[in-house]
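Participant: Top line first, the protein sequences correspond to chains R and E. In terms of my numbering, the first sequence has 113 at position 113, counting the first letter as 1, and numbering is strictly consecutive. In terms of my numbering, the second sequence has 40 at position 40, counting the first letter as 1, and numbering is strictly consecutive.
Just so you know, these hints were derived from the structure itself, not from any lab. Since no wrong hints were added, every one of them can be taken at face value.
Cross-link-like lysine to aspartate or glutamate pairs, in silico, DMTMM-like; alpha carbons within 20 Å at most:
hint : chain 1 : residue 1 : chain 2 : residue 2
1    : E       : K66       : E       : E22
2    : E       : K20       : E       : E87
3    : E       : K41       : R       : E88
4    : R       : K114      : R       : E15
5    : E       : K41       : R       : D85
6    : E       : K64       : E       : D88
All figures in this text were calculated on a predicted structure; none of them were measured in a lab.
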Amino acid sequence: AQSVTQLGSHVSVSEGALVLLRCNYSSSVPPYLFWYVQYPNQGLQLLLKYTSAATLVKGINGFEAEFKKSETSFHLTKPSAHMSDAAEYFCAVSDRGRTSGTYKYIFGTGTRLKVLA
Amino acid sequence: GAVVSQHPSRVICKSGTSVKIECRSLDFQATTMFWYRQFPKQSLMLMATSNEGSKATYEQGVEKDKFLINHASLTLSTLTVTSAHPEDSSFYICSARPSALTDDSPLHFGNGTRLTVT
Numbered sequence: 001a002q003s004v005t006q007l008g009s010h011v012s013v014s015e016g017a018l019v020l021l022r023c024n025y026s027s028s029v030p031p032y033l034f035w036y037v038q039y040p041n042q043g044l045q046l047l048l049k050y051t052s053a054a055t056l057v058k059g060i061n062g063f064e065a066e067f068k069k070s071e072t073s074f075h076l077t078k079p080s081a082h083m084s085d086a087a088e089y090f091c092a093v094s095d096r097g098r099t100s101g102t103y104k105y106i107f108g109t110g111t112r113l114k115v116l117a
Numbered sequence: 001g002a003v004v005s006q007h008p009s010r011v012i013c014k015s016g017t018s019v020k021i022e023c024r025s026l027d028f029q030a031t032t033m034f035w036y037r038q039f040p041k042q043s044l045m046l047m048a049t050s051n052e053g054s055k056a057t058y059e060q061g062v063e064k065d066k067f068l069i070n071h072a073s074l075t076l077s078t079l080t081v082t083s084a085h086p087e088d089s090s091f092y093i094c095s096a097r098p099s100a101l102t103d104d105s106p107l108h109f110g111n112g113t114r115l116t117v118t
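Looking at chain R on its own, in the form it has when it is part of the complex (with noise of 0.2 Å):
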């Protein structure tokens, strides 16, 4: 079975400082992995995705992810946070209909972000 682990339910950083938030996962096929935010009472918005290319992805508004199969890791980082940053955080993986038949997705518990001016 699938799973997701965010250490850090709360993580704070000062505005321009280094943003690490930790996923790791479990999976018994080659998984995909996806990093989300969602901001209040909004949905989730797409920031990056791992799918088997490069390990290093590139995302959105500057956040970056590197894969790690030996660490089973997928954490999501960027190097200067910003006041805008401030939101909840979701990693998610997917097992690409393999043993679900579906592409269903497991989501981590979610990191919330705070930056302090």
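We have chain R already, so just place chain E on it with the hints.
Facilitator: Relative to chain R, chain E alone:
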């Protein structure tokens, strides 16, 4: 880009009534749509997979008679919360994946519906 429209964004209803939430893919066809429920400050919980032209597949513990799903066309899925109770109050989010794209295409999400049952 792929846009998913969810309506209404917010609804308040009385206990015992039913509420219908619509999820539309505006610029793509979606054979499959997904319905999630999100409790405050928690992650998304998959409720069911909506399949165009066939019955929805419900996750374990989700009452199919309580949460009726209809996927009548390739661009529309509806979730009806029947005989709503205060414990059904939650944030419901739908998502869809373009049918025609490759298997690495991501899900696209609606903006969610805040349901409050009084």
